[in-house]
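2 protein chains.
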Amino acid sequence: MKLSPNELAIMFLSLGILLFTAKLFGEIAKKYGQPSVLGEILAGIILGPTVLGFFAPSVTDFLFPAEGLRKVVMDSIATISIVLFLLVAGMEADIGTIRKQGKQVFSIGISGIVVPFAMGFAVTYFFPGLFGMEAGSEALFFALFIATALAISALPVIAKTLMDLNYYKSELGMLIVASAIFNDIVGWMMFAAVLSLAGKGDVNHMPIYVTITLTLLFTFFMITVMRRLIHKILPWVQAHFSWPEGILAFSLALTMIGAAATEMIGIHAIFGAFLVGLALGDTHHFREKTRTIIEQFVSAFFAPLFFASIGLNVNFVANFDFTITAVFLVIGTIGKVVGCSAAARFSGEGKRESLAIGFAMNARGAMEIILGLVALNFGLINEKVFVALVILAISTSMLSGPAMKKLLKLKKSFNFRDFLEPKAFVFIDQPVDKYKAIDILSDSLSICTGEHFRTIRNAVAERESIMPTGLKNGVAIPHARLKHLKKPVIATGITTHGIDFGSTDGHPAHCIFLILTPADDNIIQLEILAEIARTFKESGFDSKTVKPVNYTEFLSMIKSNGGA
Amino acid sequence: MKLSPNELAIMFLSLGILLFTAKLFGEIAKKYGQPSVLGEILAGIILGPTVLGFFAPSVTDFLFPAEGLRKVVMDSIATISIVLFLLVAGMEADIGTIRKQGKQVFSIGISGIVVPFAMGFAVTYFFPGLFGMEAGSEALFFALFIATALAISALPVIAKTLMDLNYYKSELGMLIVASAIFNDIVGWMMFAAVLSLAGKGDVNHMPIYVTITLTLLFTFFMITVMRRLIHKILPWVQAHFSWPEGILAFSLALTMIGAAATEMIGIHAIFGAFLVGLALGDTHHFREKTRTIIEQFVSAFFAPLFFASIGLNVNFVANFDFTITAVFLVIGTIGKVVGCSAAARFSGEGKRESLAIGFAMNARGAMEIILGLVALNFGLINEKVFVALVILAISTSMLSGPAMKKLLKLKKSFNFRDFLEPKAFVFIDQPVDKYKAIDILSDSLSICTGEHFRTIRNAVAERESIMPTGLKNGVAIPHARLKHLKKPVIATGITTHGIDFGSTDGHPAHCIFLILTPADDNIIQLEILAEIARTFKESGFDSKTVKPVNYTEFLSMIKSNGGA
Numbered sequence: 001m002k003l004s005p006n007e008l009a010i011m012f013l014s015l016g017i018l019l020f021t022a023k024l025f026g027e028i029a030k031k032y033g034q035p036s037v038l039g040e041i042l043a044g045i046i047l048g049p050t051v052l053g054f055f056a057p058s059v060t061d062f063l064f065p066a067e068g069l070r071k072v073v074m075d076s077i078a079t080i081s082i083v084l085f086l087l088v089a090g091m092e093a094d095i096g097t098i099r100k101q102g103k104q105v106f107s108i109g110i111s112g113i114v115v116p117f118a119m120g121f122a123v124t125y126f127f128p129g130l131f132g133m134e135a136g137s138e139a140l141f142f143a144l145f146i147a148t149a150l151a152i153s154a155l156p157v158i159a160k161t162l163m164d165l166n167y168y169k170s171e172l173g174m175l176i177v178a179s180a181i182f183n184d185i186v187g188w189m190m191f192a193a194v195l196s197l198a199g200k201g202d203v204n205h206m207p208i209y210v211t212i213t214l215t216l217l218f219t220f221f222m223i224t225v226m227r228r229l230i231h232k233i234l235p236w237v238q239a240h241f242s243w244p245e246g247i248l249a250f251s252l253a254l255t256m257i258g259a260a261a262t263e264m265i266g267i268h269a270i271f272g273a274f275l276v277g278l279a280l281g282d283t284h285h286f287r288e289k290t291r292t293i294i295e296q297f298v299s300a301f302f303a304p305l306f307f308a309s310i311g312l313n314v315n316f317v318a319n320f321d322f323t324i325t326a327v328f329l330v331i332g333t334i335g336k337v338v339g340c341s342a343a344a345r346f347s348g349e350g351k352r353e354s355l356a357i358g359f360a361m362n363a364r365g366a367m368e369i370i371l372g373l374v375a376l377n378f379g380l381i382n383e384k385v386f387v388a389l390v391i392l393a394i395s396t397s398m399l400s401g402p403a404m405k406k407l408l409k410l411k412k413s414f415n416f417r418d419f420l421e422p423k424a425f426v427f428i429d430q431p432v433d434k435y436k437a438i439d440i441l442s443d444s445l446s447i448c449t450g451e452h453f454r455t456i457r458n459a460v461a462e463r464e465s466i467m468p469t470g471l472k473n474g475v476a477i478p479h480a481r482l483k484h485l486k487k488p489v490i491a492t493g494i495t496t497h498g499i500d501f502g503s504t505d506g507h508p509a510h511c512i513f514l515i516l517t518p519a520d521d522n523i524i525q526l527e528i529l530a531e532i533a534r535t536f537k538e539s540g541f542d543s544k545t546v547k548p549v550n551y552t553e554f555l556s557m558i559k560s561n562g563g564a
Numbered sequence: 001m002k003l004s005p006n007e008l009a010i011m012f013l014s015l016g017i018l019l020f021t022a023k024l025f026g027e028i029a030k031k032y033g034q035p036s037v038l039g040e041i042l043a044g045i046i047l048g049p050t051v052l053g054f055f056a057p058s059v060t061d062f063l064f065p066a067e068g069l070r071k072v073v074m075d076s077i078a079t080i081s082i083v084l085f086l087l088v089a090g091m092e093a094d095i096g097t098i099r100k101q102g103k104q105v106f107s108i109g110i111s112g113i114v115v116p117f118a119m120g121f122a123v124t125y126f127f128p129g130l131f132g133m134e135a136g137s138e139a140l141f142f143a144l145f146i147a148t149a150l151a152i153s154a155l156p157v158i159a160k161t162l163m164d165l166n167y168y169k170s171e172l173g174m175l176i177v178a179s180a181i182f183n184d185i186v187g188w189m190m191f192a193a194v195l196s197l198a199g200k201g202d203v204n205h206m207p208i209y210v211t212i213t214l215t216l217l218f219t220f221f222m223i224t225v226m227r228r229l230i231h232k233i234l235p236w237v238q239a240h241f242s243w244p245e246g247i248l249a250f251s252l253a254l255t256m257i258g259a260a261a262t263e264m265i266g267i268h269a270i271f272g273a274f275l276v277g278l279a280l281g282d283t284h285h286f287r288e289k290t291r292t293i294i295e296q297f298v299s300a301f302f303a304p305l306f307f308a309s310i311g312l313n314v315n316f317v318a319n320f321d322f323t324i325t326a327v328f329l330v331i332g333t334i335g336k337v338v339g340c341s342a343a344a345r346f347s348g349e350g351k352r353e354s355l356a357i358g359f360a361m362n363a364r365g366a367m368e369i370i371l372g373l374v375a376l377n378f379g380l381i382n383e384k385v386f387v388a389l390v391i392l393a394i395s396t397s398m399l400s401g402p403a404m405k406k407l408l409k410l411k412k413s414f415n416f417r418d419f420l421e422p423k424a425f426v427f428i429d430q431p432v433d434k435y436k437a438i439d440i441l442s443d444s445l446s447i448c449t450g451e452h453f454r455t456i457r458n459a460v461a462e463r464e465s466i467m468p469t470g471l472k473n474g475v476a477i478p479h480a481r482l483k484h485l486k487k488p489v490i491a492t493g494i495t496t497h498g499i500d501f502g503s504t505d506g507h508p509a510h511c512i513f514l515i516l517t518p519a520d521d522n523i524i525q526l527e528i529l530a531e532i533a534r535t536f537k538e539s540g541f542d543s544k545t546v547k548p549v550n551y552t553e554f555l556s557m558i559k560s561n562g563g564a
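Sequence lines, in order, name chains X and B. Per our numbering, the very first residue in the first sequence carries number 1; after that it's consecutive. Per our numbering, the very first residue in the second sequence carries number 1; after that it's consecutive.
Worth double-checking, as some hints may not be accurate.
The list treats identical chains as interchangeable, and a pair is accepted whether it falls inside one copy or across any two copies.
With a Cα cut of at most 20 Å, we get these calculated EDC-like pairs of lysine to aspartate or glutamate [stated by the list, open to error]:
no., residue 1, residue 2
1, Lys2, Glu383
2, Lys71, Glu553
3, Lys232, Glu553
4, Lys289, Glu538
5, Lys544, Asp429
6, Lys547, Glu288
7, Lys289, Glu553
8, Lys544, Glu288
9, Lys544, Asp282
10, Lys100, Glu349
11, Lys2, Glu67
12, Lys71, Glu7
13, Lys547, Asp282
14, Lys411, Asp521
15, Lys2, Asp75
16, Lys436, Glu288
17, Lys547, Asp164
18, Lys472, Glu538
Just so you know, these hints were derived from the structure itself, not from any lab. This one's a predicted model, so the numbers in the text were calculated from it and none came from an experiment.
Please model the entire structure based on the sequences and the hints provided.
Pasting the structure below:
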C-alpha cells in the first residue's frame, strides 16, 4: 500500500491550497480585529462540503476526499498539527504566573469552572432530549463533557485580546491571564478525566479506574518529576548539542513521546503534548529564540492546516441546529461571566472590572474547538453539537475584546504604521534643507487632510525651530499638533541625499516622518514619537538602505526590521 | 479507513524515537567533525531491518512496520520532510554568487559535471552486467542516471565544511561555493531530465517529449517569471500580513504547490520545492529571521526524520555489494576531482588549490542520497546500487574536509568555549579585589596544566598591571602567554559580588575568564580575546544573571546567549 505519484501530487496541491487559503482568511480576520482561528476555520468551511462541496462536489472530492489513503494521511497530518499546537499552548501557560497572583486567581479560576460546569451539567443531564440524547449512561458522559466544554477558557485568545488592548501588562491583565492559565490547566485535566471515565479512547480495554489512575499519575509525574528533570537536562543538551537545533529536536521528540503516552492511556495525544509544553515552558533554560522558532513555525504551518481541516470534515450548514447553539451560547456565557465576575467582585474588584474579567474569561477560542473535535471523533457528541461548540467558541472570542474595551474604557493599541498615509509617501530627489523638506511633506499632507498648507507648514516649522527633531540612525520626526484634526496622520519622505535635522548621532536624515496629531489629544503625539524612536533604535536608514521603490516595500521594510 | 487510537499512539511513539535517535547520532557525528546526515542515517540503520530488525524483528515490526496504513503515513511524512529540506537547499543556493564569480565558476562547474558524467556513463553503459543489468533501453536510463548521480555535488555539506575550516569567506572558499551552487542547479535539472526521459514518475502517461518540454518550461518559468513575481509580492505580503508568520505560511504554501506541479509533470516533488527555494532565496525581501525559522525547524524536525527513515526502508548489510561500491567510489572520486581540479588549474589556480577545489566539490552529502532514493522508488536502480550511492555520498563528504585541511594547510576553526577548562570553573564567594581573583583562578589552572602557580599568577598580574582587562557587560579577561604550554586553556571565575577590573563601561566584572596561551602562537591569543569580546558585546553578566549552578549550566548559558 502506498500513495501513487498522482495521489502524492494531489496531496501536495491540497496542502498548498489549504494552507494558503487558511492563512489568507486568518489574516483577513486579524485585520478586522478578530481571532485568526476564525478565518482559518472559515477557509476550511469554504473549501469543504459546506460551500465548495455544495457547488462543485467533484472539486472537493478531488482535493479533499472523504475516504481512502489520502484521507488517512491528511487526518494524520492534522493530528500531528494539533499535537504541536497544544505543545505551544502548554509552553505559553506559565505555572509561575499563577503562584504570584495567589488566592484571587484561585477563587476566580475555581468559580469560573464550577458555575458554568454546574449549569451545563444540569441542563444537559436533565434535558437530554434537547440534544437528541436518551437518558442513561451515555447521557451522563455527554452531560459531563458538555459541562467541561462550557467550563473551559482559552489562554491564547485571551492573552492575544489583552495584548491588542495594550492591557496585558496591567495588574488586572495579569490577573486575567493567571486565571486563564489556571482554568486552562484544570479544564484540560477535567476533560482528560471525562474521557477516561467514558473509556472512549481506550486502546487496551482497561477498566475505567485504571485509566483514571494512569491519567492522574501521568499528569502528576509530568508536572513534578518531568518538569524538574527537564530543568536539569536542558542545560546539558544546550551545552553539548548544536544550538538551537539540538534543543528543538529534543523538545519535539519529547512531545511525540508524551503524545504517545496519553494516547496509550486512553485519553488523547494532545494532553501529553500540553503537559510537555507546560514542563518545557516552566524552566528559564528554555530560551526565547527556541520558543520563537517553534511558535512561529507552528502558527504558520501546523495551526492553519489543523483549523482549516475542521471545516473539511463537517458540513456546517447541514449540521447547524438553532436550539442547541442558542442553549450553549446562553448557558455558556451566563455561567462563565457570572462565575468569574462574582468571584472577582467578592475578592474586592470593582463592578466594571469584575464584569470585564468575566467577559475576558468567557473567550473559548481554539481550545473549545479542539476539545469538541476530540469528543466528536470519540463519538461522545454528534456533529450538531460540534457545530454549536464551534459557534460558541468563535462568538465568545469575538465578544470578549469589545466587551472589555467598553467596560474598561480602553482604546485599541495602535502602531504608528496605522497612521502612515500611503498617498503622502514622497521621494525627495533634490538635495534640500530641512525646511524645504517640511514644505514638501506639508504640501502632500495638505492634499490628504484638507488642511491649509500654510497652517501645517508653519506649525511644523515653528516647532522644528525650537528644537531639532533628528533621531539616531537617519530618521527625523518633525511634528505639530493641529486643531480640527480628527486622527493622527503621518507623511513619509525618503531621500538618498541626507538632510541635516540636527540628529543626536550627527548623521543626516534619510527618512523623514512628518507627524500631525489632534491638538486636544496630548498623549497620542508622545506615544507615536516614542514608538518611532523605539522602532529605529537598533537600525535605520542610510544612503545605502534607502532603496524601497514604493510605499508597500517601505512598509514591508520597516515592519520586518521592527520585528512586530 | 483511519488509524485506530492504538496505531496513532504507536505512530507518535515511533516518531519520537526516530527523531530522538536521529538527532542524538547526528550530534555525535558532528562532535567527531562528520556531517550530521551520517549520524542520522546511521540511526535509521540501527532502528531498521539492518540492526534492530536482525536482533529483534518483532520490535521493528511494532514500531516501523513495512506494510499497512502506518507505513503509508510514515512514508508521506518522509516525503513532506524531504520536500521541505529541498526548499531549504534551494534557499541556500544564491544565484547571485555565481554571477559574481563569472567565468571561472562556469568552467569548474561544467568540467566538474562533464568528466564524472562521461566516466560514469561509459562504465555503466558498456559494463551493465557489473550492476546486474542487461543491455537495452533500461540500461541506457540506468547509465544516464548513474552518470548524473556521479556528477552531482552537495552545496550544504560543502558550505558547512568550509565554515568549519574558517575558509568560507576566503576568495577560494567563495569560488568553491559558487561552483557548488552552479553544479547543484545544473545537476538537479539533469536529474529531472533523466527522470522525464525514463518516464518513471509519469502520472498521466504523457509522451516523453511532453514531460521534457514541461520540465524545461516549468524550470524556466520558476527562475524567471516566478522569481521576479516573488520579488514583487513579498513586500506586499510583509506589509499587510503579520510578520514573520504571514511570509512563512506564504513560502510554505508555495513550496507545496511547486512540489505538486513537478510531481504532476512526472519528475519528483522535490524539484518544485528546490525551485521555489531558489526563487525565494534570491530576493533581499526574504529576511534573515524568516530564513532562520524555516532552516532551524526543518533541520531539527523534518531532516532527521527523513534521513533516519532511509535506514528503515533498506537493509544495508544484506544489500551491500563490494564491487558496485568500489566502482562508484573510484569512478566518482576520480571523475569529480580530476574534472574540477583540471578546470581550476587551467583557469590559473595553484596546484594545491586546484586539488583542494576538486576534493571540496567531490562531497556528495545529502543530495546524492535523496537522488538515489527517488531513483530507487521509481525502480530505476536496485537496493544494492542505492546502498553503494549512500556509501559514496557519506565517504566523499567525510573525505573532503581532511583533504582540504591538508592541501591548504588549514586549521580547524575554534571557539573559545573549546578551551574552557571544566575543572577550572570557580565560584568566588568572597568580595575580593582583582589580584586576589587572579590568584584564585591561577591556582585552579596550575592544578589542571601542571604549570607552577607563581609562573601563571605573576605573568597574568604583570600583564593586568600594564592595562586593565575589564570588558563591557561584566566580563573581564585577564591573560598571559606562557612558554611550554601546548594549547590555550581558560579558567572561569563567577562572582555575585562584582570585581573592579577597570572596565570600559565602569561596571564591575561578574564573570572572569583567565586565559593562558602558548608563547609561540601570537595569533591565537588575539583571536580568543576578540571572540570573547564579540560574544558578550550585546549582553553579559550582572549580579542578577549570575545564577548558573554548575559548569554545564554556564556553558549552556553562554552558548545560547552567544547564539552559535
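Hint numbers the structure violates, sorted upward?
Going through the list in order, the structure violates hints 2, 16, 17 and respects the others.
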